[in-house]
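Enquirer: The whole structure should be built from the sequences, with the hints applied where relevant.
With the numbering used here, the residue at position 64 of the sequence shown is 83, and numbering never jumps.
Treat the hints as calculated values from the structure; they're not laboratory data. Treat the hints loosely; a few may be bogus.
[As the list claims (entries may be wrong)] For lysine to any residue, the following SDA-like pairs were computed, each having C-alpha atoms within a straight-line distance of at most 25 Å: (1) Lys-51 / Gln-40; (2) Lys-78 / Pro-89; (3) Lys-29 / Ala-42; (4) Lys-29 / Glu-41; (5) Lys-100 / Pro-89; (6) Lys-100 / Asn-114; (7) Lys-88 / Arg-76; (8) Lys-51 / Leu-39; (9) Lys-100 / Ile-115; (10) Lys-99 / Pro-89; (11) Lys-99 / Asn-85; (12) Lys-70 / Gly-83; (13) Lys-22 / Glu-33; (14) Lys-70 / Gln-81; (15) Lys-99 / Ala-112; (16) Lys-63 / Lys-78; (17) Lys-70 / Glu-82; (18) Lys-29 / Leu-39; (19) Lys-63 / Glu-52; (20) Lys-78 / Glu-67; (21) Lys-88 / Arg-73; (22) Lys-63 / Leu-49; (23) Lys-88 / Phe-75; (24) Lys-51 / Ile-38; (25) Lys-100 / Ile-90; (26) Lys-78 / Ile-64; (27) Lys-78 / Ala-92; (28) Lys-63 / Glu-77; (29) Lys-70 / Glu-84; (30) Lys-70 / Glu-59; (31) Lys-22 / Gln-34; (32) Lys-100 / Ala-112; (33) Lys-99 / Ser-111; (34) Lys-100 / Ser-111.
Just so we're clear, the structure is a prediction, and the values are computed from it rather than from any experiment.
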Amino acid sequence: MAKEAIEAVKSAEEQANAILQEANQASRDLRKEAELLAEEQYNKIMEEADKEAREFREKALQEGENAAKPIIARGSEEAKKLGEIADEDLNSAVNIIIERIVNVNGNS
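Expert: Set out below in C-alpha cells:
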C-alpha cells in the first residue's frame with residue numbers, strides 16, 4: 020500500500036509538472052501573440068497619425084495659399100500702378116528737361 024501511495028504521488032507530480040510546462044508554454048505563446056498584436060496596433064496608429072499629419076499639412080498649405088492670393092493680387096496691382104506712375108513722371112521729367120535745354124540754348 021505504501022508503494023502504491025508513493026507511485027500515486029509520483030504520478031501526480033509528473034502530471035503537475037506536465038500541466039505546469041503546458042501552462043508555461045501557453046503563457047509564452049500568449050505573451051508572444053500579445054506583443055505581435057501590440058506591434059501591429061502601434062504600426063496602425065503610427066500610419067494613421069502620419070496620414071492625419073499629411074492631411075493637416077495639406078489643409079494648412081491650402082489655407083495659406085488662399086489667404087495669400089488676395090494679398091499677392093493687391094501687391095501686383097499696386098506695383099503695376101507704381102510702374103505706370105513712374106513712367107508718367109519720367110515722361111514729364113524728360114519733357115521738362117527738354118524744355119529747359121531748348122530754352123537755355125535757344126534752339127527750337
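Enquirer: Each of the hints needs a verdict: does it hold here or not?
Expert: So, going through the hints one by one against the coordinates:
{"no.": "1", "hint": "Lys-51 / Gln-40", "result": "holds (16 Å)"}
{"no.": "2", "hint": "Lys-78 / Pro-89", "result": "holds (18 Å)"}
{"no.": "3", "hint": "Lys-29 / Ala-42", "result": "holds (20 Å)"}
{"no.": "4", "hint": "Lys-29 / Glu-41", "result": "holds (18 Å)"}
{"no.": "5", "hint": "Lys-100 / Pro-89", "result": "holds (16 Å)"}
{"no.": "6", "hint": "Lys-100 / Asn-114", "result": "holds (21 Å)"}
{"no.": "7", "hint": "Lys-88 / Arg-76", "result": "holds (18 Å)"}
{"no.": "8", "hint": "Lys-51 / Leu-39", "result": "holds (18 Å)"}
{"no.": "9", "hint": "Lys-100 / Ile-115", "result": "holds (22 Å)"}
{"no.": "10", "hint": "Lys-99 / Pro-89", "result": "holds (15 Å)"}
{"no.": "11", "hint": "Lys-99 / Asn-85", "result": "holds (22 Å)"}
{"no.": "12", "hint": "Lys-70 / Gly-83", "result": "holds (20 Å)"}
{"no.": "13", "hint": "Lys-22 / Glu-33", "result": "holds (16 Å)"}
{"no.": "14", "hint": "Lys-70 / Gln-81", "result": "holds (16 Å)"}
{"no.": "15", "hint": "Lys-99 / Ala-112", "result": "holds (20 Å)"}
{"no.": "16", "hint": "Lys-63 / Lys-78", "result": "holds (22 Å)"}
{"no.": "17", "hint": "Lys-70 / Glu-82", "result": "holds (18 Å)"}
{"no.": "18", "hint": "Lys-29 / Leu-39", "result": "holds (15 Å)"}
{"no.": "19", "hint": "Lys-63 / Glu-52", "result": "holds (16 Å)"}
{"no.": "20", "hint": "Lys-78 / Glu-67", "result": "holds (16 Å)"}
{"no.": "21", "hint": "Lys-88 / Arg-73", "result": "holds (22 Å)"}
{"no.": "22", "hint": "Lys-63 / Leu-49", "result": "holds (21 Å)"}
{"no.": "23", "hint": "Lys-88 / Phe-75", "result": "holds (20 Å)"}
{"no.": "24", "hint": "Lys-51 / Ile-38", "result": "holds (20 Å)"}
{"no.": "25", "hint": "Lys-100 / Ile-90", "result": "holds (15 Å)"}
{"no.": "26", "hint": "Lys-78 / Ile-64", "result": "holds (21 Å)"}
{"no.": "27", "hint": "Lys-78 / Ala-92", "result": "holds (22 Å)"}
{"no.": "28", "hint": "Lys-63 / Glu-77", "result": "holds (21 Å)"}
{"no.": "29", "hint": "Lys-70 / Glu-84", "result": "holds (21 Å)"}
{"no.": "30", "hint": "Lys-70 / Glu-59", "result": "holds (16 Å)"}
{"no.": "31", "hint": "Lys-22 / Gln-34", "result": "holds (18 Å)"}
{"no.": "32", "hint": "Lys-100 / Ala-112", "result": "holds (18 Å)"}
{"no.": "33", "hint": "Lys-99 / Ser-111", "result": "holds (18 Å)"}
{"no.": "34", "hint": "Lys-100 / Ser-111", "result": "holds (16 Å)"}
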